[in-house]
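S.K.: Sequence:
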Amino acid sequence: MVIVGGGLTGCATAYAFAAAGAKVVLLEAGQIGRGTTAFCSGWISENPAVPFGDLEKAIGLRNARYAWQAWRRAALDFASLLRRLNIKCDLEECGSVTVALTPEQLARLKRDQQSRRAAGVDAPLLNARTIKSEFGLDAMAGLRSKQGATLDPYRACVGLAAAASERGARLFERSPVRKVTFGRKTADVFTAGGSMRVQRVVVATGMPTALFKSLRRHFWFHTTYLALTARVSAKIRQQLGLPRRSAAGAKDGRRASIIRDSADPPHILRWVHDERLLVTGADTEVAPPRLLDKVVVQKTGQLMYELSTLYPDISGIQPEYGWSADYARTAEGLPYIGPHRNFPHHLFAFGDSSHSVTGAYLASRILLRHHFDEMDRADAAFGFHR
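Just so you know, the working numbering puts the end of the sequence shown at 386, numbered straight through with nothing missing.
Source of the hints: derived by calculation from the structure; they are not laboratory data. Take the hints with a grain of salt, since some may be wrong.
Using C-beta positions, here's what the derived DEER-type ranges look like [as the list claims (entries may be wrong)]:
1. P176 x W220: 24 to 34 Å
2. R217 x T309: 33 to 43 Å
3. A210 x K146: 35 to 45 Å
4. R341 x S233: 54 to 64 Å
5. T309 x G183: 17 to 27 Å
6. F372 x R62: 21 to 31 Å
7. P124 x D188: 48 to 58 Å
C-beta: ideal position from N, C-alpha, C; glycine also.
Go ahead and model the full structure; you've got the sequences and the hints to work with.
M.R.: As structure tokens, this is what we get:
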């Protein structure tokens, strides 16, 4: 089999298939982990970042519940796999809190909580005092998610690639796929160096490439922006309530969370190495390449301003880096993972707009089950036919 794409999804899938005994070839057009993976926020989220009520309306209560359960299980299993493989990627357990900063956001948050509770999904609500105490943030309320983690996505990707290679997978960088054809029983994958006849082609490029342009109609294409601050002084970090470490290195329990607001599009905020703030948001439609540099500068400034409204104490701190990351979004907000009737012998993983890396691991497991025809009850919620 051939896997197209050497990002986190592709490398997690290569490991999953190789560990299951499949003969795997991975083809990456550039360098492994240097695409969108390298630019993401590095958050393992326990939910797909779609309000439960909206998802229920789109795909039904049962599938919505299955999708949330699958996402949470994937978050736990992904962190467990990285530990078991001893991949050095700064993995750190870290829950999250979705906060409401305005009355409109509060109403949206309470509707989401009610939908979750009605479906039997845990939804602990935090009041303004608790949020101020734990996160140093003025907010009206918040929904806590206890599970999750943060990591360095590039190191995680490279580590999974190495683990796949150790189990027999063959990985090729700078090997763009030029064409894929298929017959009744096999598919042929063409690169500049030749062709391969395989039983399965897994396309893990995040969004449809030119080879699969007929599938683009299923998606909207957007760009999110990220800004990383310069180091925040110890005095300001203490004012913001950053968790202190004991002599043994243990944290005191505060700020072990990603902060996500209820805006549309949302902002996502986390500490990096306990000394810098990384903020994600200001999503737009994809900018023309000739304008991208200017847009990144503009959006970096916008994110820093919005960050200062959340944490006035850091006003004046400059951004150290600003960058962008493209993504595709489906109508329901869940990625499409699995086969498409127009492409025999293919499996796809497209449209993860959660701004977390959980979907990469989840895709690897769903794709593996499709390949061996051992489906889980939740997998249909991520299919093109849902």
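S.K.: For each hint, tell me whether it holds in the structure or not.
M.R.: Taking the hints in turn, this is what the structure says about them:
1. At about 25 Å, the beta-carbon gap between P176 and W220 stays in the expected band of 24 to 34 Å.
2. Hint check: R217 to T309, Cβ distance near 38 Å, so the stated range 33 to 43 Å holds.
3. Against the hinted window of 35 to 45 Å, the Cβ-Cβ separation of A210 and K146 comes to about 42 Å, which satisfies the hint.
4. The supplied range of 54 to 64 Å is met by R341 and S233, whose beta-carbon atoms lie about 57 Å from each other.
5. Under the hint 17 to 27 Å, the C-beta atoms of T309 and G183, about 58 Å apart, miss the expected range.
6. Separation of F372 from R62 is about 24 Å and conforms to the stated range, judged on CB atoms against 21 to 31 Å.
7. Under the hint 48 to 58 Å, the C-beta atoms of P124 and D188, about 52 Å apart, fit the expected range.
The structure shown violates just one earlier hint, number 5.
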